[in-house]
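J.: So the chains spell out like this:
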Amino acid sequence: MSSLFDRIGGTAAVDAAVEVFYRKVLADDRINEFFDGVDMEQQINKQKGFLTMAFGGPNDYTGKDMREGHKHLVARGLNDSHVDAVIELLGATLQELGVAAEDIQAVADIANSVRDDVLNR
Amino acid sequence: MSYIIFNDKHIDLNKGQTVLSALLDNGFKIPNSCRAGACQSCLMQSVEGSVPETSQQGLKDTLKAQGYFLACSCVPTTPLQIALADTSSLRIKASVVGHDLLAKDVLRLRLKPEQAFDYRAGQYLSINQNNSIARSYSLASVNKLDNYLEFHIRRIDQGKVSSWLHEELQTGRELEIGQATGDCFYVPGAADQKIILAGTGTGLAPLIGIARDAIHQGHSGEIHLLHGAIKKDGLYMHQQLITMTNEYPNFHYHASVLQADEVKLPVRTDAIDKIVTDIAINAADWKAYLCGDESTVNTLKKKLFLAGTSMGNIYTDPFITTMD
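Residue numbers (the working numbering), protein chains in the order written: chain A, -3 to 117; chain B, 2 to 325.
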C-alpha cells in the first residue's frame, strides 16, 4: 500500500497546497495577527516544510525546532484555539484539492501530534 | 565564540555579532549601506576560512567561488581571515552626462560608464560618493535602448549621498559605481501574460525600465503601469507616460494622487493598493512588479497574493532608506 505522502501527491501536492493554505491563513482573523510583518517568501518556505511533515513526507522537524520556532508566538498568546484553526484550514485546503477524507484525517492527526511542542508545554 | 583577522588585527566577535558590526566597533571604515544583505556595499573577501552561506546570498556564483561575502550578514561560526574586497574589478568609473530635475525633489541622473556595462532594466547598483559612503539606486534605463544609465534620485532630508548628488554633482564629473544586481526584471517567455507594475515615488524608476524592456522584448500582453504620489507634482513622468500609451497599444498608464483637492489631472485619488486589485481582476493570471517604499511594496504584495497572484509571479524591489 502506498504511503500517505504518495497518495496525496508528494512534493507537487505541497507546492499546490502551500499558496492555497497560506491565503486561508492570512485571511482568517482568528490567526492572521500572528503573521503580521513576516517575510512572505520565507513564510511560504517554512510552510512548505510544515506541509511536507504533515503530509507524512520526508522532513527533519524536531520537537526542539517546533518549540523554538513558536516560543515568541506563545508569549503573544498562541493557544489551542489557534492550533485548531490551522488544522481546520489545512483540512479545507486538502478538501479543495480533492484529497480523500481519511487522508485528510491522517494529516490532521500528524499535525495534532506536534501540538504540545508548538505550544511549548 | 569566534574571531576574525583583518589588517593583521585579531578581533573577537560577540555571540551573534556580524563581521561588519565588529569591524565598525573597532574603528575600521568599511563601506556599507542597507545592512540587510541587499545593497552589497559591504562586500568583503575571505582569505582563510569559510563563510556562512547566508552571507553569500544574492552574490554571483563567480564571486561566491572566490570567497566574497557580505559583512553585514556574516556571523561566522569558525575563525576567518578577511580582506576588503578587491573592488577595483567590481567598481567601474562613470561620468555624469545628464543632471536635471524631474520634480522639485527628484533628480534625473544619467551616467556613462567607462567600459561595457551589463545590466537588466529594473536592477539596482551602488553609487559611491567616496571610498566609505555608497547608496543603492535603481536603474530607470534599458540596456539595449539607452546609451546611458539613468537614475531617479529623490532628495532625502539629511541624506548624505542624495544631497551630494543633487547639489554638488555636475555634468562632466566622474564617480564610481558597482555592478548591477537584483532580481526584479522582465524575463521573456510568457509574452501574452498580463503585467502590472505598481509603485509610489521614485519606485517609478525601475518600473518604467521594466515596462520599456518588456515592450522592447516583444511582450504582447497588457502592461499596466500604476504610479502613486501624494501630490500631483509627484507624478513626475506624467506626460512621458501618456505619450507611451499613445505609442504602444498594449501599454496602459494609471496615475493616483492622494491629495485630491489640488488635482486637476484626470487621475484617481484612492490609495494604490485599492487600484491594483481593480486593475488586476482574476489576479491569478497576472505577473506583478512592485517597487519603491518598502511598506507600500509589502502591502501590495500581500493584497495581490490574497487576490490569487502566485508568489512566484510577484517581483519586488523595496527601497530601504539609510540615514547614517
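Simulated from the structure, these hints should not be mistaken for laboratory data. Since we're looking at a predicted model, the values are computed, not measured. The reader is advised that the hints may include incorrect statements.
[Stated by the list, open to error] Per label pair, the in silico range of CB-to-CB distance: (1) A/Asn28 x B/Lys161: 31 to 41 Å; (2) A/Phe30 x B/Val48: 37 to 47 Å; (3) B/Lys161 x A/Asn116: 38 to 48 Å.
[What the hints assert, rightly or not] Straight-line Cα separation of at most 20 Å, EDC-like style, residue types lysine to aspartate or glutamate; simulated pairs: (4) A/Lys42 x B/Glu54; (5) B/Lys303 x A/Glu29; (6) B/Lys275 x B/Glu248; (7) B/Lys94 x B/Asp13; (8) B/Lys304 x A/Asp112; (9) B/Lys161 x B/Glu54; (10) A/Lys42 x A/Asp32; (11) B/Lys303 x A/Glu15; (12) B/Lys161 x B/Asp147; (13) A/Lys60 x A/Glu98; (14) B/Lys16 x A/Glu64; (15) B/Lys303 x A/Asp35; (16) B/Lys304 x A/Glu15; (17) B/Lys304 x A/Asp32; (18) B/Lys303 x A/Asp99; (19) A/Lys67 x A/Glu29; (20) A/Lys67 x A/Asp113; (21) A/Lys44 x A/Glu84; (22) A/Lys20 x A/Asp76; (23) B/Lys304 x A/Asp76; (24) B/Lys303 x A/Glu37; (25) A/Lys44 x A/Asp113; (26) B/Lys304 x A/Asp35; (27) B/Lys303 x A/Asp11; (28) A/Lys20 x A/Asp2; (29) A/Lys20 x A/Glu92; (30) B/Lys303 x A/Asp76; (31) B/Lys30 x B/Asp271; (32) B/Lys303 x A/Asp25; (33) B/Lys113 x B/Glu177; (34) B/Lys304 x A/Asp113; (35) A/Lys42 x A/Asp24; (36) B/Lys304 x A/Asp25.
[Said to hold, decoys possible] Among the chain A residues that face chain B by a calculated CB cut under 10 Å, a handful are: (37) Val14; (38) Leu22; (39) Ala23; (40) Glu29.
Idealized CB from N, CA, C, for every residue including glycine.
J.: It remains to establish, for every hint, whether it holds in the given structure.
T.: Consistency of the hints with the structure:
1. Here the CB-CB span from A/Asn28 to B/Lys161 is close to 39 Å, well matched to the stated 31 to 41 Å.
2. A C-beta distance of roughly 44 Å is found between A/Phe30 and B/Val48, which places it inside the suggested range of 37 to 47 Å.
3. For the hinted restraint 38 to 48 Å between B/Lys161 and A/Asn116, the CB-CB distance of approximately 45 Å keeps it satisfied.
4. Distance hint between A/Lys42 and B/Glu54 is fulfilled; the C-alpha atoms sit about 18 Å from each other, no more than 20 Å.
5. Under the criterion of a C-alpha separation no larger than 20 Å, the hint pairing B/Lys303 with A/Glu29 is consistent with the structure, at around 14 Å.
6. Restraint check: the Cα-Cα separation between B/Lys275 and B/Glu248 comes to about 27 Å, which exceeds 20 Å; the hinted pair is violated.
7. The suggested pairing of B/Lys94 with B/Asp13 is violated, with an alpha-carbon distance near 36 Å, which exceeds 20 Å.
8. The suggested pairing of B/Lys304 with A/Asp112 is violated, with an alpha-carbon distance near 33 Å, which exceeds 20 Å.
9. For the hint pairing B/Lys161 with B/Glu54, the CA-to-CA distance comes to about 32 Å; that exceeds 20 Å, so the pair is violated.
10. For the hint linking A/Lys42 to A/Asp32, the alpha-carbon distance of about 15 Å falls within 20 Å, and the restraint holds.
11. This hinted pair checks out: B/Lys303 and A/Glu15 have alpha carbons roughly 12 Å apart, not beyond 20 Å.
12. For the hint linking B/Lys161 to B/Asp147, the alpha-carbon distance of about 28 Å lies beyond 20 Å, and the restraint is violated.
13. Note on A/Lys60 and A/Glu98: the hinted pairing is violated, with a Cα-Cα distance of about 29 Å set against a maximum of 20 Å.
14. For the proposed pair B/Lys16 and A/Glu64, the alpha carbon gap of about 18 Å is at most 20 Å, so the pair holds.
15. Taking the CA atoms of B/Lys303 and A/Asp35, the gap is near 10 Å; set against the 20 Å cutoff, the hint holds.
16. Straight-line distance between C-alpha atoms of B/Lys304 and A/Glu15 comes to about 13 Å, which keeps the hinted pair within the 20 Å bound.
17. Distance check on the hinted pair: B/Lys304 and A/Asp32 sit about 13 Å apart at the alpha-carbon level, within 20 Å; holds.
18. In summary, the hint linking B/Lys303 to A/Asp99 is not supported, as the alpha carbons are separated by about 31 Å, beyond the 20 Å threshold.
19. The hinted pair formed by A/Lys67 and A/Glu29 meets the criterion: a straight-line CA distance of about 16 Å does not exceed 20 Å.
20. For the suggested pair A/Lys67 and A/Asp113, the alpha carbons sit about 10 Å apart, so the restraint of at most 20 Å is met.
21. For a cut-off of 20 Å, the pair hint linking A/Lys44 to A/Glu84 stands: about 17 Å separates their Cα positions.
22. With a C-alpha separation of about 18 Å, the suggested pairing of A/Lys20 with A/Asp76 holds against the 20 Å cut-off.
23. The hinted pair formed by B/Lys304 and A/Asp76 fails the criterion: a straight-line CA distance of about 28 Å is larger than 20 Å.
24. Among the hinted pairs, B/Lys303 with A/Glu37 is consistent with the structure: their alpha-carbon atoms are about 11 Å apart, no more than 20 Å.
25. With a C-alpha separation of about 19 Å, the suggested pair A/Lys44 and A/Asp113 falls inside the 20 Å cut-off, and the hint holds.
26. Pair hint B/Lys304 plus A/Asp35 holds up; C-alpha atoms about 14 Å apart against a cutoff of 20 Å.
27. Our distance criterion of 20 Å between C-alpha atoms is met by B/Lys303 and A/Asp11, whose separation comes to about 19 Å.
28. Among the hinted pairs, A/Lys20 with A/Asp2 is inconsistent with the structure: their alpha-carbon atoms are about 24 Å apart, more than 20 Å.
29. Between the alpha carbons of A/Lys20 and A/Glu92 the distance comes to roughly 12 Å, so the proposed pair stays at or under 20 Å and holds.
30. About 27 Å separates the Cα atoms of B/Lys303 and A/Asp76, which puts this hinted pair outside 20 Å; it is violated.
31. Between B/Lys30 and B/Asp271, the direct Cα distance comes to roughly 45 Å. Violation of the 20 Å bound is thereby established for this hinted pair.
32. At most 20 Å may separate the alpha-carbon atoms for a hinted pair to count; B/Lys303 and A/Asp25 meet this at roughly 15 Å.
33. As the CA atoms of B/Lys113 and B/Glu177 are separated by approximately 11 Å, the hinted pair is consistent with the 20 Å bound.
34. A hinted pair counts as satisfied when its Cα atoms are at most 20 Å apart, and B/Lys304 with A/Asp113 does not qualify at roughly 32 Å.
35. With a C-alpha separation of about 19 Å, the suggested pair A/Lys42 and A/Asp24 falls inside the 20 Å cut-off, and the hint holds.
36. Simply put, B/Lys304 and A/Asp25 have alpha-carbon atoms about 15 Å apart, close enough for the 20 Å limit, and the pair holds.
37. Hint status for A/Val14: holds, given a least beta-carbon distance of 9 Å to chain B, under 10 Å.
38. Interface hint at A/Leu22: satisfied, since its Cβ lies 6 Å from the closest Cβ of chain B, which is below the 10 Å cut-off.
39. Below 10 Å, beta-carbon pairs count as interface contacts, and A/Ala23 has one with chain B at about 6 Å; its hint therefore holds.
40. Restraint check, A/Glu29 versus chain B: the minimum CB separation of about 14 Å is more than 10 Å; hint violated.
In this structure, the hints that do not hold are numbers 6, 7, 8, 9, 12, 13, 18, 23, 28, 30, 31, 34 and 40, in rising order.
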